[in-house]
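Q: Build the full structure now, drawing on both the sequences and the hints.
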Amino acid sequence: MAALLDLFSWLMLLGGVAFSLIGGVGLLRMPDFYTRLHAASVTDTLGAGLILLGLMVQAGWTLVSVKLLLILVFMWFTGPIATHALARAALVDPANPRPLLHEEPPPSKSSSISSC
Amino acid sequence: MLHALGLWLFCLGLWLLLSGYFHVTLLLIFGALSCALVVFVAWRTEVIDPEEQPLRLRFNAHILTYWPWLLWQIVLANLDVARRIVDPKLPISPTLITLKPTQRSDLGRVIYANSITLTPGTVTTDLSGDTLEVHALTREGADALLEGDMDRRVTRLEGGR
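Protein sequence lines correspond, in order, to chains A and B.
Residue 86 in my numbering is what sits at position 86 of the first sequence, and the numbering runs on without skipping anything.
Residue 157 in my numbering is what sits at position 157 of the second sequence, and the numbering runs on without skipping anything.
Among the hints, erroneous ones may be present.
[Stated by the list, open to error] Listed below are several chain A residues computed to face chain B (Cβ distance under 10 Å; list not exhaustive):
id	residue
1	I22
2	G23
3	G26
4	T35
5	L46
6	T62
7	L63
8	K67
9	G79
10	P80
11	P99
[What the hints assert, rightly or not] If you want the footprint, here are the derived chain B segments under chain A, 3+ residues with CB under 8 Å:
id	segment
12	17-24
13	70-79
[As the list claims (entries may be wrong)] Computed from the model, here is a short list of chain A residues facing chain B with C-beta under 10 Å:
id	residue
14	A3
15	Y34
16	S41
17	G47
18	I51
19	W76
20	I81
21	A87
22	H102
Hints in this document: simulated from the structure, not taken from any laboratory.
Just so it is clear, CB atoms sit at the ideal spot from N, CA and C, and this is done for glycine as well.
A: What follows is the structure in structure tokens.
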């Protein structure tokens, strides 16, 4: 049982690391500021979330887990506010470059991508 | 008065969880006193206000289904955005759209706007009056928002009042 929990938590930790890494790669690959924001939000939702969950499984039913949960809750509450403030500040100032927009008609429905 | 008591209990609970001193009487008294000081300062600066109370958030049954649903949507959106980042062709189609949220209260709109931003691939860039401006990483993400599934769920969330 303990070994199973350990395996589970390590899988979550590694998953979190993978998502953080992908977020970082996305930050480098995306073409402009606004699309980079989307890449960064991968890091601070699932990347940080999985790492904290994995650490919570490691800590077990202790106060440390409660603190980790509080960190997660506060991060998920404040993260969107910061992202929104950044995006809005960039859009409101006319001196900043406008977002690159996709002008073509929507792609065909044949691609089976789970979109949200 | 009830709000002050609620704030004090909330602070005390948080203090207990963060400190972990359940058996040291002197420290417990100090903790209770410092929480009382916080309530006093909040009362003097007039921030004890029903609007700001975390406890005041109405818990109706929908919130129990909304949070897991939102969590699942976040996971799906993360996988989608991560897949697009790793894809060598970088298949993105940035879109800026305007939404008309159907929530009646400010809190409902803020929950909706925050849910949109929390989901990777979509960021709320403006919330003024009754329109929301959203920047989406992909055309599909924008279309999913325009369909209004999340909007309906948040409206149901505030439906209790």
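Q: Return the status of the interface hint for T62(A): holds when the least beta-carbon distance to chain B is below 10 Å, violated otherwise.
A: At about 9 Å, which falls below the 10 Å cut-off, the nearest Cβ of chain B leaves the hint on T62(A) intact, so it holds.
Q: Grab the minimum C-beta distance from A87(A) to chain B and call the hint holds if it beats 10 Å, violated otherwise.
A: holds, 5 Å
Q: Does the nearest C-beta of chain B fall within a distance shorter than 10 Å of the C-beta of I22(A)?
A: holds, 5 Å
Q: Taking 10 Å as the limit, does the beta-carbon of A3(A) come near enough to a beta-carbon in chain B?
A: violated, 26 Å
Q: Regarding the hint that G26(A) lies at the interface with chain B, is the smallest CB-CB distance below 10 Å?
A: holds, 4 Å
Q: Does the nearest C-beta of chain B fall within a distance shorter than 10 Å of the C-beta of L46(A)?
A: OK, holds: L46(A) within 10 Å of chain B, min 4 Å.
Q: Please verify that hint: K67(A), Cβ, nearest Cβ of chain B, below 10 Å or not.
A: holds, 7 Å
Q: Min Cβ distance, G79(A) to chain B: is it shorter than 10 Å?
A: holds, 7 Å
Q: Confirm or reject the coverage of the segment 17-24 of chain B by chain A under the rule of 3 or more residues with a beta carbon closer than 8 Å to the chain's beta carbons.
A: n = 3 at 8 Å, threshold three: holds.
Q: Checking hints one by one. Is I81(A) an interface residue toward chain B, by the C-beta closer than 10 Å rule?
A: Result: holds, 7 Å to nearest chain B Cβ.
Q: At least three residues with a C-beta closer than 8 Å to a C-beta of chain A: is that true for the segment 70-79 of chain B?
A: holds (count 7)
Q: Would the hint on I51(A) be counted as holding, given a Cβ-Cβ threshold of 10 Å to chain B?
A: Hint violated; I51(A) Cβ to chain B Cβ min 13 Å, cut 10 Å.
This entry does not satisfy hints 14 and 18, going by the numbered hints stated previously.
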